[in-house]
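Using the sequences plus the hints, can you model the full thing?
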Amino acid sequence: MLLIYGPHTCSRQSLRLKSMKGKIIATILFFYSALGFAGECTTNNETTTLNIPDFTIRRDTPIGTEIGAVSTTIDAFSCTKGFDYQEFGIKGYGTAAPKINGLNVYKLGSNSAGIGYAIYANSPNTCNNYLFPLKDGDYNIFCFINGTFSKKPIQGYIKLVFYKIGNITPGRKNGYKVASLILRNNKKDWHHPEAYLHTAPFTVITHGCTIKTENIKVPLHNVETHELSNLGMTAAEKPFSIPLNCDTGTKVKLTLDAGPAGVYDNTKGLLNLTNPASANTAQGVKIQILSNNVPVTFGKSLDVGVQTIEGAFDIPLQVRYYRSVEKLKAGEANATTTYTITYE
Numbered sequence: 422m423l424l425i426y427g428p429h430t431c432s433r434q435s436l437r438l439k440s441m442k443g444k445i446i447a448t449i450l451f452f453y454s455a456l457g458f459a460g461e462c463t464t465n466n467e468t469t470t471l472n473i474p475d476f477t478i479r480r481d482t483p484i485g486t487e488i489g490a491v492s493t494t495i496d497a498f499s500c501t502k503g504f505d506y507q508e509f510g511i512k513g514y515g516t517a518a519p520k521i522n523g524l525n526v527y528k529l530g531s532n533s534a535g536i537g538y539a540i541y542a543n544s545p546n547t548c549n550n551y552l553f554p555l556k557d558g559d560y561n562i563f564c565f566i567n568g569t570f571s572k573k574p575i576q577g578y579i580k581l582v583f584y585k586i587g588n589i590t591p592g593r594k595n596g597y598k599v600a601s602l603i604l605r606n607n608k609k610d611w612h613h614p615e616a617y618l619h620t621a622p623f624t625v626i627t628h629g630c631t632i633k634t635e636n637i638k639v640p641l642h643n644v645e646t647h648e649l650s651n652l653g654m655t656a657a658e659k660p661f662s663i664p665l666n667c668d669t670g671t672k673v674k675l676t677l678d679a680g681p682a683g684v685y686d687n688t689k690g691l692l693n694l695t696n697p698a699s700a701n702t703a704q705g706v707k708i709q710i711l712s713n714n715v716p717v718t719f720g721k722s723l724d725v726g727v728q729t730i731e732g733a734f735d736i737p738l739q740v741r742y743y744r745s746v747e748k749l750k751a752g753e754a755n756a757t758t759t760y761t762i763t764y765e
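Sequential numbering from 422 applies to the sequence shown in this note's numbering.
Check before you lean on any hint, since a few could be wrong.
Unchecked claim - Here are the simulated distance ranges between beta carbons:
no.: 1; residue 1: Ile-637; residue 2: Asn-466; range: 12 to 22 Å
no.: 2; residue 1: Ala-621; residue 2: Gly-683; range: 54 to 64 Å
no.: 3; residue 1: Lys-659; residue 2: Thr-631; range: 21 to 31 Å
no.: 4; residue 1: Lys-572; residue 2: Glu-765; range: 22 to 32 Å
no.: 5; residue 1: Gly-732; residue 2: Leu-652; range: 37 to 47 Å
no.: 6; residue 1: Gly-489; residue 2: Val-644; range: 37 to 47 Å
To be clear, the hints were calculated from the coordinates, so they are not data collected in a lab.
From a predicted model like this one, the values you see are computed outputs, not experimental measurements.
Glycine included, each C-beta is placed from N, C-alpha and C at the ideal position.
So this is what it looks like as structure tokens:
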């Protein structure tokens, strides 16, 4: 038996198998090489918490007034090379409030907080130093590049500017998610997770007062002329108060100014009577106003105290008739003064 062809046939099969194996290996290496050039990104800081100083806000601060600002820089993303195009930007979170100066404004928590915030952002280490405000829509791309951002990590600077947007209720407020830095690759793929910014819990303190009764009438009872027979005599003294409602810690000041008839003697807190030329007006009598039994000085601010608890705060005063140097004549004895409340 001749067996010469057997080994030769096996040799051919062996060569073919080796050739096929070579093609498979080449294909695997080709795909591995292609994947090796695709860019990849990671989020460096998924959540950053920003401390907010406690807010101290005057009650009479107009709505729309800026009341503070805080900022932070976040190491947001790190990417390998391999992208054709990258975009970096800012995104706002929260319930929209009316715009202020054309800026998007979001409510900081519930309506009762009365505080809103606008968002500014840029990336000094990646793009430029211009601070971009968030104006239209809930996100803004402020930086882009053909290819891959070279800086690692991609940094974002976020500034929150706070505004009074309504009546403010004092107290402790929760922290909230307010913004995020965002990254889009190749004009289509948003990177996740975003780099989120949260605020820490904070406290709102309000200082101020509201006036319970704006116009106050203080009737003095009738007196006989003999009760004011001598210069400097007083009669019909009556206590009264200016009723306020004030926040805890509010320092209150009062200024009294004379009405149209003017001041008779500012060292003694004396007001001229209204309509002095009228035949029905008394003469030789003035109206005196005192605080803690001391005559007030019209036009001068008077410290009246600090509110220790939330609620009622009454400013006690006294009023009475005062005999002046002119000849005494019976008649009506009326006077007016205006008061101004200031606080801090």
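To see whether the hints hold, each was checked on the structure:
| no. | hint | in the structure |
| --- | --- | --- |
| 1 | Ile-637 x Asn-466: 12 to 22 Å | 59 Å, violated |
| 2 | Ala-621 x Gly-683: 54 to 64 Å | 56 Å, holds |
| 3 | Lys-659 x Thr-631: 21 to 31 Å | 25 Å, holds |
| 4 | Lys-572 x Glu-765: 22 to 32 Å | 47 Å, violated |
| 5 | Gly-732 x Leu-652: 37 to 47 Å | 44 Å, holds |
| 6 | Gly-489 x Val-644: 37 to 47 Å | 56 Å, violated |
The structure fails hints 1, 4 and 6 (numbered hints given earlier, in ascending order).
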